[in-house]
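Participant: Each chain, letter by letter, is given below.
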Amino acid sequence: MKSLVIDDSRAMRRILRSIMSDLGFDVIEAGDGKDGLEKFTAERDDIEVVLVDWNMPVMNGLEFVKAVRELEQFADKKLVMVTTETEPAQMARALMAGVDEFVMKPFTKEILVEKLKLIGVGLNTSEV
Amino acid sequence: MQPFAIDQTASDPNDDDDSLVTVDLIAQMVDNLFTAMLEMDVDASPIAPPELDAETLSASIQISGERSALIQVFASHDLATKIATAMFATEASDLAEEEILDALGEVVNVIGGNVKGVYDQECALSLPCVGTIQTPLADNAMTTAFDLGGEPITVLFKERTQ
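Protein chains in written order, with the working numbering: chain A, 1 to 128; chain B, 1001 to 1162.
Treat the hints as calculated values from the structure; they're not laboratory data.
Please read these numbers as outputs of a predicted model, since none were measured by experiment.
One thing to keep in mind: the hints can contain errors.
What the hints assert, rightly or not - One-sided and incomplete, this derived list gives chain A residues near chain B with beta-carbon spacing under 7 Å:
id : residue
1  : ARG10
2  : ALA11
3  : MET12
4  : SER21
5  : GLU29
6  : THR41
7  : ARG44
8  : GLN73
9  : THR84
10 : THR86
11 : LYS105
12 : PRO106
Said to hold, decoys possible - Facing chain A, according to a computed beta carbon distance under 7 Å, are these residues of chain B, among others:
id : residue
13 : LEU1020
14 : VAL1023
15 : PHE1088
16 : ASP1102
17 : GLU1106
18 : GLY1113
19 : ASN1114
20 : GLY1117
The beta carbon of each residue, even a glycine, is placed where N, CA and C say it ideally should be.
Let the sequences and hints guide you as you build the complete structure.
Facilitator: Okay, here's the thing in structure tokens:
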């Protein structure tokens, strides 16, 4: 069971890696949407959930989500935006693009777990 | 070492205009970040901003669009190290210098994003920029500080007119 964490901040990637590892996921990291899309494509069969930041260089999170959702075979992949974006209009754009759930920064492990459960992502419950 | 000029009282020059961002709101953002996410001991009651010297670390981020603003966070290297230690759940001795800077960058990224969220308008958030203080601080900015584990962390907010 793998998760892909896409964030230009090494700090945030490290935080998310730590949480997702505790939840039983093998974590793949990417530093921007383009890098993320390449890693997603390469590991798509094993990746259950993607945690993606919005505000990134090269390719932002919204562009990443649109690129993934354009491909029908990825329709079942869960995409969670981990972001500071809180404006309703921005959130609506992301939902329209195909985001399954939002996690607002700052967040706690408990909040992330709750959001993952909401979208039916399998967790190693002994660690939750 | 030449200290940088900074008003030594928590100030809110935006009190008289239509700014949506207040000292109380910044305090709430700082409290949420450090208490909930990093489980650090922060007192969200504003304190007088400390004098900043050339070795103080600075992380800045800009909002541009229908509203424009600059947000900067200042911390000593020791405090930035403590933040990184909490953020990465590791020992200070295991941290690389760039990880300490990353941690402070993430602090301003979260606060900047929260400020952007207050604006119900089309805006973009820049990427954070971290380093030591290189330029004079913005004039007429809202500057406040908070006690974070016994050390001050300073937040500067400056809204720019179009």
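Participant: Take the hints in turn and mark each one as holding or not.
Facilitator: Checked hints:
1. Residue-level restraint check for ARG10 (chain A) holds (minimum Cβ-Cβ distance to chain B is 5 Å; threshold 7 Å).
2. This hint holds: ALA11 (chain A) has a C-beta 4 Å from the nearest C-beta of chain B, less than the 7 Å allowed.
3. Look at MET12 (chain A): its Cβ gets to within about 6 Å of chain B, closer than 7 Å, so that hint holds up.
4. The closest approach between the C-beta of SER21 (chain A) and any C-beta of chain B is roughly 11 Å, which is over the 7 Å cut-off, so the hint fails.
5. For the restraint placing GLU29 (chain A) at the interface with chain B, the shortest Cβ-Cβ distance is roughly 13 Å, beyond the 7 Å limit, so the hint is violated.
6. Taken as an interface hint, THR41 (chain A) does not check out: its beta carbon lies about 25 Å from the nearest beta carbon of chain B, beyond 7 Å.
7. At about 28 Å, the closest approach between the beta carbon of ARG44 (chain A) and any beta carbon in chain B exceeds 7 Å, and the interface hint on this residue is violated.
8. Residue-level restraint check for GLN73 (chain A) is violated (minimum Cβ-Cβ distance to chain B is 32 Å; threshold 7 Å).
9. Annotation: interface hint on THR84 (chain A) holds; nearest CB of chain B at approximately 2 Å, less than 7 Å.
10. Below 7 Å, beta-carbon pairs count as interface contacts, and THR86 (chain A) has one with chain B at about 3 Å; its hint therefore holds.
11. A least Cβ separation of about 5 Å between LYS105 (chain A) and chain B falls short of the 7 Å threshold, and the interface hint therefore holds.
12. Checking PRO106 (chain A) against chain B by beta carbon gives a least distance of about 4 Å; that is within 7 Å, so the hint holds.
13. The criterion of a C-beta within 7 Å of any C-beta in chain A is not met by LEU1020 (chain B), whose closest approach is roughly 12 Å, and the hint is violated.
14. Violation of the interface hint for VAL1023 (chain B) is found here, the shortest Cβ-Cβ separation to chain A being roughly 19 Å, above the 7 Å cut-off.
15. For PHE1088 (chain B), the interface hint holds, since its Cβ comes within 7 Å of a Cβ in chain A; the closest pair sits about 5 Å apart.
16. Because the smallest distance between the Cβ of ASP1102 (chain B) and any Cβ of chain A comes to about 4 Å, under 7 Å, the interface hint for this residue holds.
17. Against a cut-off of 7 Å between C-beta atoms, the interface hint on GLU1106 (chain B) holds, since the closest Cβ of chain A lies about 4 Å away.
18. Here the hint on GLY1113 (chain B) is kept, as its CB sits about 2 Å from the closest CB of chain A, short of 7 Å.
19. About 6 Å separates the beta-carbon of ASN1114 (chain B) from the nearest beta-carbon of chain A, less than 7 Å, and the hint is met.
20. Satisfaction of the interface hint for GLY1117 (chain B) is found here, the shortest Cβ-Cβ separation to chain A being roughly 3 Å, below the 7 Å cut-off.
Checked against the numbered hints given earlier, the structure breaks hints 4, 5, 6, 7, 8, 13 and 14 and satisfies all the rest.
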